[in-house]
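Keeping the supplied structure of chain L fixed, place chain P upon it in accordance with the hints.
Keeping their order, the protein sequence lines are chains L and P.
Residue numbers for the first sequence follow this note's numbering, beginning at 1 and rising by one.
Residue numbers for the second sequence follow this note's numbering, beginning at 1001 and rising by one.
Don't take every hint at face value.
Stated by the list, open to error - Below are the SDA-like pairs computed for lysine to any residue, each with C-alpha atoms no more than 25 Å apart in a straight line:
1) L:Lys80 x P:Glu1032
2) L:Lys80 x P:Lys1005
3) L:Lys101 x L:Ala25
4) L:Lys101 x P:Ala1017
5) L:Lys101 x L:Asp9
6) L:Lys80 x P:Ala1017
7) L:Lys101 x L:Glu90
8) L:Lys101 x P:Glu1032
9) L:Lys101 x P:Ala1039
10) L:Lys80 x L:Glu18
11) L:Lys101 x P:Arg1062
12) P:Lys1005 x P:Ala1017
13) L:Lys101 x P:Arg1068
14) L:Lys101 x P:Val1044
15) L:Lys80 x L:Gln5
16) L:Lys80 x L:Glu24
17) L:Lys80 x L:Val48
18) L:Lys101 x L:Gln41
19) L:Lys80 x P:Arg1062
20) L:Lys80 x L:Gln37
21) L:Lys101 x L:Gly78
22) L:Lys80 x P:Phe1038
23) L:Lys101 x P:Ala1053
24) L:Lys80 x P:Tyr1037
25) L:Lys80 x L:Tyr98
26) L:Lys101 x P:Val1016
Read the hints as simulated data drawn from the structure, not as lab findings.
Residue-level listing of the chains:
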Amino acid sequence: MDAAQALADLVEISAQIEAAVLAEADGTVLASTLADQERAQAVARDAVELLQTAAGGAGEPVQLEAAVPEGSVFVVRGDKRLVAAVTGREPTVGLVLYDLKTCLRLAGEDARPAKKAASRARKKKDDGDAAGGKA
Amino acid sequence: MARRKLAAFVVALGSVAGAAAIWRRRSAKGREHVDVYFADGSMVTFAEGSDEAARLLPIARRALSQARG
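Bound conformation, chain L alone (with noise of 0.2 Å):
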């Protein structure tokens, strides 16, 4: 399963997730649910600043959610990628850690680079458009 497809089903199984971005482990996105690249970019680069601060005596945090009056963000990290989260309120934490472990494991070694993607289907379109110009 790709990244974006997985993040797709992290939205539509988890009602109490509003946003997520799937990066790899220093920020570089891979999928978002949301419109703004930048914007998805920002979420990735403060998830990886909110794991390198929390990191402590402990070691290498793997999770973590922060919790504000305005909503909580939550942050799982995987070998080689994390996934970042927003939700309202007292979200149920559990179900919500759940089901970002899950998507990072359905996102798997398949995921790739939104950038990479985006090139691939924008080949695939010039390919066609040749094709068509052919025809």
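Positioned in the frame of chain L, the structure of chain P alone reads:
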């Protein structure tokens, strides 16, 4: 008679302790905090007012604001 009084006292004490626990739990739920889970299964909560929460919560607020536009 003394036993009855003692039993009533214990029940009353238990009720007060239970109510206090529920009240504390409910009031803590709405507070700002950060729960961090580590690979070894351990978890730490940084409550509002702690140094760690002071570093983490502004980042979370920024992420929420970015996600919601």
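Status of the hints after comparison with the structure:
1. Taken as a hint, the lysine 80 of chain L and glutamate 1032 of chain P pair is broken in the structure, with Cα atoms around 29 Å apart against an allowance of 25 Å.
2. About 64 Å separates the Cα atoms of lysine 80 of chain L and lysine 1005 of chain P, which puts this hinted pair outside 25 Å; it is violated.
3. About 15 Å separates the Cα atoms of lysine 101 of chain L and alanine 25 of chain L, which keeps this hinted pair within 25 Å; it holds.
4. Of the supplied pair hints, the one linking lysine 101 of chain L and alanine 1017 of chain P is violated, its CA atoms being roughly 37 Å apart against a limit of 25 Å.
5. In summary, the hint linking lysine 101 of chain L to aspartate 9 of chain L is supported, as the alpha carbons are separated by about 12 Å, within the 25 Å threshold.
6. Between lysine 80 of chain L and alanine 1017 of chain P the CA atoms are separated by roughly 47 Å; this puts the pair beyond 25 Å, and the hint is violated.
7. This hinted pair checks out: lysine 101 of chain L and glutamate 90 of chain L have alpha carbons roughly 19 Å apart, not beyond 25 Å.
8. Between lysine 101 of chain L and glutamate 1032 of chain P the alpha-carbon distance is near 24 Å, which keeps this suggested pair within the 25 Å criterion.
9. This hinted pair checks out: lysine 101 of chain L and alanine 1039 of chain P have alpha carbons roughly 13 Å apart, not beyond 25 Å.
10. For the hint linking lysine 80 of chain L to glutamate 18 of chain L, the alpha-carbon distance of about 24 Å falls within 25 Å, and the restraint holds.
11. Restraint check for lysine 101 of chain L and arginine 1062 of chain P: the C-alpha separation of about 23 Å stays at or below 25 Å, so the hint holds.
12. The straight-line distance between the Cα atoms of lysine 1005 of chain P and alanine 1017 of chain P is roughly 18 Å, inside the 25 Å bound, and the hint therefore holds.
13. With a C-alpha separation of about 22 Å, the suggested pairing of lysine 101 of chain L with arginine 1068 of chain P holds against the 25 Å cut-off.
14. Taking the CA atoms of lysine 101 of chain L and valine 1044 of chain P, the gap is near 19 Å; set against the 25 Å cutoff, the hint holds.
15. Only pairs whose Cα atoms come within 25 Å are accepted, and lysine 80 of chain L paired with glutamine 5 of chain L is accepted, the gap being roughly 18 Å.
16. Taking the CA atoms of lysine 80 of chain L and glutamate 24 of chain L, the gap is about 6 Å. The hint holds against a cut of 25 Å.
17. With a CA separation close to 12 Å, the supplied pair lysine 80 of chain L and valine 48 of chain L stays within the 25 Å bound.
18. Note on lysine 101 of chain L and glutamine 41 of chain L: the hinted pairing holds, with a Cα-Cα distance of about 20 Å set against a maximum of 25 Å.
19. Distance restraint check for lysine 80 of chain L and arginine 1062 of chain P: the Cα-Cα separation of roughly 24 Å lies within the 25 Å cut-off, and the hinted pair is therefore satisfied.
20. Pair hint lysine 80 of chain L plus glutamine 37 of chain L holds up; C-alpha atoms about 21 Å apart against a cutoff of 25 Å.
21. As the CA atoms of lysine 101 of chain L and glycine 78 of chain L are separated by approximately 8 Å, the hinted pair is consistent with the 25 Å bound.
22. Straight-line distance between C-alpha atoms of lysine 80 of chain L and phenylalanine 1038 of chain P comes to about 16 Å, which keeps the hinted pair within the 25 Å bound.
23. A hinted pair counts as satisfied when its Cα atoms are at most 25 Å apart, and lysine 101 of chain L with alanine 1053 of chain P qualifies at roughly 24 Å.
24. Note on lysine 80 of chain L and tyrosine 1037 of chain P: the hinted pairing holds, with a Cα-Cα distance of about 17 Å set against a maximum of 25 Å.
25. Restraint check for lysine 80 of chain L and tyrosine 98 of chain L: satisfied, since their Cα atoms lie roughly 18 Å apart, inside the 25 Å limit.
26. With a CA separation close to 40 Å, the supplied pair lysine 101 of chain L and valine 1016 of chain P exceeds the 25 Å bound.
The structure fails hints 1, 2, 4, 6, 26 (numbered hints given earlier, in ascending order).
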